[in-house]
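J.: The lines below spell out each chain.
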Amino acid sequence: MSELRARIIAEARELAEQVCLIADRPATLMEVCGTHAHQFARYGLAQMLPECVELLSGPGCPVCVTPAGEIDAALRLARVPGVTIATFGDMVRVPGSDSTLAEQRARGADVRVLFSPYEAVELAEELDRQVVLLGVGFETTAPGVAVALIEARRRGLGNFTVFCTHKRLMPALEALIAAPDVAIDGLLAPGHVSTVIGWGAYTDFVARHRVPCVVAGFEPHEMLRAILALVRQLAEGRAEVGNEYPPVTEEGNPKALAALEEVFEPCDSEWRGLGVIPDSGMALRAEYAGFDALARFGVTVEPGREDRRCHCGEVLRGAMRPPDCPAFGHACTPAHPLGPCMVSSEGACAASYKYGGAG
Amino acid sequence: MCVAIPSKIVAIEGDTATVEVTGSRSTARVDLIEGAQVGDYVLVHAGFAITKLDPDEARETLALMSEVGLI
Numbered sequence: 004m005s006e007l008r009a010r011i012i013a014e015a016r017e018l019a020e021q022v023c024l025i026a027d028r029p030a031t032l033m034e035v036c037g038t039h040a041h042q043f044a045r046y047g048l049a050q051m052l053p054e055c056v057e058l059l060s061g062p063g064c065p066v067c068v069t070p071a072g073e074i075d076a077a078l079r080l081a082r083v084p085g086v087t088i089a090t091f092g093d094m095v096r097v098p099g100s101d102s103t104l105a106e107q108r109a110r111g112a113d114v115r116v117l118f119s120p121y122e123a124v125e126l127a128e129e130l131d132r133q134v135v136l137l138g139v140g141f142e143t144t145a146p147g148v149a150v151a152l153i154e155a156r157r158r159g160l161g162n163f164t165v166f167c168t169h170k171r172l173m174p175a176l177e178a179l180i181a182a183p184d185v186a187i188d189g190l191l192a193p194g195h196v197s198t199v200i201g202w203g204a205y206t207d208f209v210a211r212h213r214v215p216c217v218v219a220g221f222e223p224h225e226m227l228r229a230i231l232a233l234v235r236q237l238a239e240g241r242a243e244v245g246n247e248y249p250p251v252t253e254e255g256n257p258k259a260l261a262a263l264e265e266v267f268e269p270c271d272s273e274w275r276g277l278g279v280i281p282d283s284g285m286a287l288r289a290e291y292a293g294f295d296a297l298a299r300f301g302v303t304v305e306p307g308r309e310d311r312r313c314h315c316g317e318v319l320r321g322a323m324r325p326p327d328c329p330a331f332g333h334a335c336t337p338a339h340p341l342g343p344c345m346v347s348s349e350g351a352c353a354a355s356y357k358y359g360g361a362g
Numbered sequence: 276m277c278v279a280i281p282s283k284i285v286a287i288e289g290d291t292a293t294v295e296v297t298g299s300r301s302t303a304r305v306d307l308i309e310g311a312q313v314g315d316y317v318l319v320h321a322g323f324a325i326t327k328l329d330p331d332e333a334r335e336t337l338a339l340m341s342e343v344g345l346i
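These protein sequences, in sequence, are chains A and B. Residue numbering for the first sequence follows the numbering used here, starting at 4 and increasing by one per position. Residue numbering for the second sequence follows the numbering used here, starting at 276 and increasing by one per position.
Calculated from the structure, these hints are not laboratory results. Errors might be hidden in some of the hints.
Said to hold, decoys possible - To give an idea of the interface, some chain A residues facing chain B are shown, with a C-beta separation under 7 Å as derived from the structure:
id: 1; residue: G147
id: 2; residue: V150
id: 3; residue: G203
id: 4; residue: T206
We put the beta carbon where it would ideally sit given N, CA and C, even for glycine.
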């Protein structure tokens, strides 16, 4: 083993020991980033923190929080003749009320998986078809979609639209903290969303709710540093904003925030498991209304039906651990998922199934 | 998924950079960061560089990821 790896493992062990030493009672922490759920399970951090920290998964997986009704609307868009759907890969297998984009593609719909939203603009230039970009994701992904829209407007593209289901983090945190069935001692804030919104975005939330909040990176020792900072605050009776992910600044990324401001305005939005949360979505501003896919193709979002056996809603607000779901590993597996938390690589159920142990 | 792999900018043309991770090259837009330059390490999310990284920390992260087989 190299010196670097040995040093990191030693640091992680020491951090975990310190966490357990300091925690005078089990701390219930919540992450709101699918990658954190994945890494926590992958590296067995739950086993390193026995009975001193429970890390709940919150609504941090963007595909997972997209309600079935919005998936259904995407499926209807895919069925419009002449439409090409441009999407991130995670969306393709997520079940709507009675189908998936993968099934629509098998039946002849044109569904393209893209790496970057900007590729959708180039696709629209190349194709003699209507390109509909599925804009899914938090403040990390939305600025790229905003840049794509700014560019499409500059080029005057008449065959490019976006179905915008972007979500904003802070209103969801407000809803979570108000949920009666979940008590959270501290929040592990998402590293990449925070590079955009800045750690300053949590200051008011933390002051009002007296819940400590620490931004975490993605490697095990980085997550443990943030967990230690949270546990230390709890032991000392403090509730502050902390940042344990060096790329994050207080003010965030001004260019990304400006792109979001240029294109989007807050709107009420439905989250799977959390219902409609005021101001938690992103709607196109009037100047960009012509790029609204729903309006162009006359598609509306109707209430969707979710499989009754699926408890993604409870999992997404931390009210149920994935292994406690009756369907987990039986009726619902990555090969035959009932809900998005088992489909997406960022989903808490997929992480728990793949790596076992940690819910 | 938030991929926290540091990417090194090896060329820039307009708002598009060629970035490299352990010899593999891809492109990333640099519209969303200030003053991107060849040699900078950046975090790329969905095809866009979203922040610059401290070069020493980026190199250490890459060394670690390489050792544990992540990259």
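J.: Look at each hint and say if it fits the structure.
T.: Hints, verified against the model:
no., hint, verdict
1, G147, "4 Å, holds"
2, V150, "5 Å, holds"
3, G203, "15 Å, violated"
4, T206, "20 Å, violated"
Hints 3, 4 from the list above are not met by this structure, while the remaining hints are.
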